[in-house]
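J.: Residue numbers (my numbering), protein chains in the order written: chain V, 2 to 161; chain U, 17 to 179.
No wet-lab data here; the hints were simulated from the structure.
The model shown is predicted, which means the values in this text are computed figures rather than measured ones.
Ideal Cβ positions, reconstructed from N, Cα and C, are used throughout, including at glycine.
One or more of the hints may lead you astray.
Taking lysine-lysine and the DSS-like style, the derived pairs with C-alpha atoms no more than 27 Å apart in a straight line are [what the hints assert, rightly or not]:
{"no.": "1", "chain 1": "U", "residue 1": "Lys18", "chain 2": "V", "residue 2": "Lys88"}
{"no.": "2", "chain 1": "U", "residue 1": "Lys18", "chain 2": "V", "residue 2": "Lys4"}
{"no.": "3", "chain 1": "V", "residue 1": "Lys114", "chain 2": "V", "residue 2": "Lys88"}
Anything over 10 Å on all C-beta distances counts as not near chain U; from chain V, calculated [as the list claims (entries may be wrong)]:
{"no.": "4", "residue": "Glu8"}
{"no.": "5", "residue": "Gly54"}
{"no.": "6", "residue": "Ser83"}
{"no.": "7", "residue": "Thr106"}
{"no.": "8", "residue": "Ser113"}
{"no.": "9", "residue": "Val147"}
Footprint (simulated), chain U over chain V, 3 or more residues, beta carbon under 8 Å [said to hold, decoys possible]:
{"no.": "10", "stretch": "34–44"}
{"no.": "11", "stretch": "63–74"}
{"no.": "12", "stretch": "84–90"}
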Amino acid sequence: MRKLYFEDFPVGPVVESDTYAVTREEIVAFASQYDPQDFHLDDEAARDTPFGGLCASGWHVCAIAMRLMCDSYLNASESMGSPGLEKVRWLRPVRPGDVVTLRTTCLAARVSKSRPDMGICTFLWELLDAVGSPVCTIEGAQLMAVRGAVRGAVRGAPLS
Amino acid sequence: MKFFEEWRAGDRVELGSADFPAGDIVAFASRYDTQYFHVDAERAKHSLLGGLSASGWQTCAKFMRLFVDWSERHKAECAARGEPAGRIGPSPGLDDIAWPRPVHAGDTVHYSMTVVETRPLRSKPGWGLVRFRAEGINQHGDRVLSLIDNVFVARRQQGGQEQ
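Start from the sequences and build out the full structure, keeping to the hints where you can.
T.: Below is the structure:
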């Protein structure tokens, strides 16, 4: 399968993912391991909190977005990873039974000055609910290999 | 969790360490971050990351687990003294997440949080915003995670007390 490179990600819409159904079991399993606050584990306990009912850990929501990134474009691309993200916003709770999709948009793209084999994109990732409203947004760097460039990467070195 | 009024810029909390065995890394990544360098040890050797490495989101998730554990310990210590403990509310999100170096299978990461800023909230009278810089440092002393966690923390008056 033809891999996607930096040149395949111009500024503008990139892709919308398939759907991901968020189950109660998955919410509780993730929270039990990584974010065991009662509003992520138990409906009764969650009722008296600002959430009003069981909802997914924000970190779990990001992990779901990451899975949808992988499925919708990342694993089909020559990604060089991400040194980091500028911002994550958890806009609305994600509840058992919610069905979400990920919309990826390229906001900016340039070739690295110090590494001409590497393109630096700024992406906006929006996790959308069933009616297309964002429940979580993520903005940050997506590094992509430039097609045809000489690969000079040093293994294990930090990216800049 | 402490009350909003108890936090000052510069306050630091040591959260403890988390291990990253290969099995943990692959289990998380198989579900949430299926890039090959997080799931395939053999192929990962030839990647930019130099070996099987944890998803950046797992590096974050293990921080959160240690934060919640710390909060629960603090609550138990307050209860033992007969004092109320604060609580955290929904977080609006995170800023400036950086993963400067990979977390390799077998690494141990020590996490800490330092208060960057506290801000009362006029829009939410029972709550204040505390911005923490969370950091993860591996066993070699390399930073593997840095992020700003924006946390709504209950104020001591109005709804700040545990039942």
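J.: Are the hints correct? Go through all of them and say.
T.: Okay, the hints, checked on the actual structure:
1. U:Lys18 / V:Lys88: Given pair U:Lys18, V:Lys88 holds - Cα atoms ~25 Å apart, limit 27 Å.
2. U:Lys18 / V:Lys4: The hint is violated at about 50 Å.
3. V:Lys114 / V:Lys88: The hint holds at about 24 Å.
4. Glu8: The claim holds: V:Glu8 sits with its nearest Cβ about 20 Å from chain U, beyond 10 Å.
5. Gly54: Per Cβ check, V:Gly54 is outside 10 Å of chain U; nearest 12 Å; holds.
6. Ser83: Given that some Cβ of chain U is not farther than 10 Å from that of V:Ser83, nearest at about 7 Å, it is violated.
7. Thr106: holds, 18 Å
8. Ser113: Since the minimum Cβ distance to chain U is about 14 Å, V:Ser113 lies beyond 10 Å and the statement holds.
9. Val147: Non-interface label on V:Val147 holds, nearest chain U Cβ at 14 Å vs cutoff 10 Å.
10. 34–44: holds (count 5)
11. 63–74: holds (count 7)
12. 84–90: Coverage by chain U holds here, the residue count being 7 at a Cβ distance below 8 Å.
Violated hints, listed in ascending order, are 2 and 6; each of the other numbered hints is respected by the structure.
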